[in-house]
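Asks: Please model the entire structure based on the sequences and the hints provided.
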Amino acid sequence: MSNWLIYRTFWDLTVSGLVLGLIYALVALGYTMVYGVLRLINFAHSEVFMVGTFGVLVSLTKVFGIPIFEGGQYPFRTGFVLIGILLASLLIGMAVSGLGAVAIERIAYRPLRGAGDAYGAVALAFVTGLILSFIISSDIGTNLIIAAVVAGPLSILYLRIFKRGRQAPRLAFLISAIGVSMALAEAVAIWGPDERVVYQTPRILEKKVLFKFLGADVRIDYVIVAIGAVLMMTSLLLFVNRTRLGRGIRAVAQDAETSRILGVNVDLVILVTFLLGGAMAGGAAMMFTLVYDQTRFNIGFLLGVKSFTAAVLGGIGNIRGALLGGVVLGLAENYGSAVFGGQWKDVIAFVVLLVVLMFRPTGILGESLAKARV
Amino acid sequence: MLLEVNDLHVFYGRIEALKGISFNVNDGEIVTLIGANGAGKTTTMRTVSGVRSVAQGSIIFDGQDITKMPPHERVKLGICQAPEGRGIFPGMTVRENLEMGTYVRGGNAVEKASDLEHVFTLFPRLQERITQLGGTLSGGEQQMLAIGRALMSRPRLLLLDEPSMGLAPMLIAQIFQIIKQINSNGISVLLVEQNATQALRTAQRGYVLETGHVVKEGSGQLLLDDPAVRAAYLGG
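Protein chains in written order, with my numbering: chain A, 551 to 924; chain B, 140 to 375.
Hints were generated in silico from the structure; no laboratory data involved.
Don't be surprised by glycine CBs; every beta carbon is placed ideally from N, CA and C.
One thing to keep in mind: the hints can contain errors.
Said to hold, decoys possible - BS3-like cross-link-like pairs, simulated, lysine-lysine; straight-line CA separation at most 25 angstroms:
1) K215(B) x K158(B)
2) K207(B) x K713(A)
3) K215(B) x K319(B)
4) K713(A) x K158(B)
5) K158(B) x K355(B)
6) K713(A) x K612(A)
Claimed, not checked - Here's a subset of chain B near chain A, in silico, CB distances under 10 angstroms, partners left out:
7) A175
8) R185
9) C219
Replies: Here it is, written out as C-alpha cells:
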C-alpha cells in the first residue's frame with residue numbers, strides 16, 4: 551500500500567477527480583443521447599473520442615505548426631495567441647468527432663435500420679474495396695486506386711440491398727458497432743506515423759497553479775476544463791429543451807413512431823443526435839489532451855468503457871444523469887485509488903457500477919432523455 | 140377529391156396486410172373504415188401517414204401522388220393523424236405535446252397562441268391541464284390531446300385511428316360530437332373505428348374492411364341498414 555496517491559490530500563484528489571469526471575461526463579453524453587433516440591449502445595463512441603484527440607493533435611502540429619519541444623522547452627504560448635489556438639483546437643476536435651460520429655451512423659447503423667442511402671452505400675463500398683485490396687497489395691496508393699475502382703459497381707449493389715429497407719435484428723447493430731470501433735482504432739495504429747506508440751501533444755499551456763482550494767492545487771488547465779465542460783453541457787441542455795430540433799430529439803426518444811406521424815424527420819433527428827454527441831466527445835478529447843498531453847490509438851477504449859459506465863450510473867438516456875454519473879465516477883476512482891492503491895483504479899469504476907445497479911437498476915437519476923427538463 | 144387510394148398493397152415482412160384496397164375521401168367529408176381486428180384499418184392509416192411503405196398501388200392527395208413521399212412532407216401538405224393508442228409523449232407537458240403538432244409548420248408565437256386557443260375551445264379540459272405531463276392524463280384527456288395535437292398542424296385531412304378506444308360511453312358520445320364539430324369547420328376526416336354504429340352515424344360514407352380487402356362500401360345509413368354489416372359489426 552505504499553502508493554504515491556496515499557500522500558496526496560483529500561482535496562487534491564477531489565479536484566483532479568472532478569476534472570476527470572467532467573471529461574467522462576462529456577463523453578457519456580454521446581452514449582446517453584444515442585441510446586435515448588435509438589435504444590442502441592454506440593460502442594464505437596469510444597473511437598469518436600479517440601479520433602477527436604488525433605484531430606486536436608493534427609490541428610496543433612500541422613495546422614498551427616507547433617512542435618513538441620522548442621529548443622528543449624515546451625512550446626508555451628501566451629495571451630490571445632494561446633486563447634485563439636485553444637479555441638481553434640477545441641472547434642477542430644469537436645468538428646472531427648462530430649463528423650466522425652455522423653459518418654459512423656451513416657455507414658454502420660443507418661443501413662441496418664433499413665434506411666440506407668447513397669452516401670452510406672458509396673462509403674461502405676469504398677471501405678469494402680479497401681479491405682479487399684489488401685489481398686493483392688499492401689501499397690497504400692495501389693490500395694486506394696483498387697478501392698476507388700471497386701467502389702463504383704459495389705455501391706450500386708449495396709444500394710439495391712438498402713432499397714429493400716429490411717430492419718436488422720438488435721444484435722447486428724452491436725456487432726457493427728464493435729466492428730467499426732476496432733476498425734477505427736486499428737486504422738490509426740496501422741497508418742499513423744508512430745503506429746502503436748503514445749503520441750505526445752504539444753504542451754502550449756503552461757500549467758500554473760491558479761489558486762489553492764482547501765490546500766489543493768487548482769491548475770489553470772483544470773479551470774479551463776471545468777468552464778468548458780459546463781458551458782458545453784449547458785448549451786446542449788438548452789438546445790435539447792429550447793429548439794425545434796431539440797424538441798424533435800425528445801419526441802423521438804419518447805415515441806419514434808408517433809414522432810414520424812407528426813412529421814418529425816427521424817433520420818435528421820438521429821443525424822443531429824450523433825453530431826451533438828460526437829461534438830461533446832470531441833470537446834472532451836481536446837480537454838483530455840490539454841490535461842494529459844498525450845494520445846494513442848487505443849486511448850478511447852478504457853475511457854469509452856468508463857464513460858459508458860458513467861452514463862449507466864447516472865441513468866442511461868438521461869442527459870443530466872450523464873453529468874452526475876461522470877463526476878461520481880471520477881471522484882470514486884480517485885478516492886478509491888488512494889485507499890486501495892493506484893493499481894485498482896480501473897477496477898473501482900466497475901465495482902461502483904455493479905453496486906449501483908444492484909440497488910438501483912435504472913441508475914442514480916433513472917429517468918430518460920425523453921423526460922429531460924431544464 | 141381530396142384523398143384517393145388505389146389498389147393499395149402493404150406487407151408486414153412476408154404477411155400481406157393490405158391486399159389491394161381502394162377508397163376515397165371527398166373534400167369536407169367524414170369517411171369511416173370499419174372492420175374487425177386485423178382487417179387492416181390501422182395499417183391503412185399508417186400507410187396514408189407515410190410510416191408504412193407501399194408495395195403496390197397509389198395514394199393521391201389533392202391531385203398529387205404522395206405514394207413515396209416521406210411522412211413529414213405529407214404533414215406539410217395537410218395530412219395529420221391522431222394515432223391508435225393516442226401516442227402521447229409522456230414526458231412532455233400538455234402544452235409541449237400540442238406544440239409538437241406545429242413541428243413541421245413552424246409558425247410564429249401569435250399563430251401558435253391562436254391555434255392553442257382554438258384547440259382549447261374544443262377541449263376546455265386541456266387548458267386546465269396545460270402544465271401537466273402527458274403521461275399523467277386520463278384516457279379521455281389523452282385522446283383529446285391527441286386530436287388537439289393533430290389539429291395544431293392545421294390539417295386538411297384529419298386521420299383518427301380508434302378515437303373511442305377504451306373510453307367511457309359518455310366520453311365516446313362527446314368525442315364523436317367534437318369530430319362533427321371539427322368537420323363543420325371544413326376539415327375532412329378519415330375515421331377508423333371498431334365502434335361501428337357510432338362511426339357510421341357520424342360519417343357520410345363508410346367502407347367495410349375484411350382481412351385486407353374492402354368488402355362493402357356506401358353511405359353511412361346504407362351500411363347501418365345492411366343486414367350483413369349489422370350481423371357482423373353492429374351486434375345484430
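Asks: Which hint numbers doesn't this structure obey?
Replies: 1, 6 and 7
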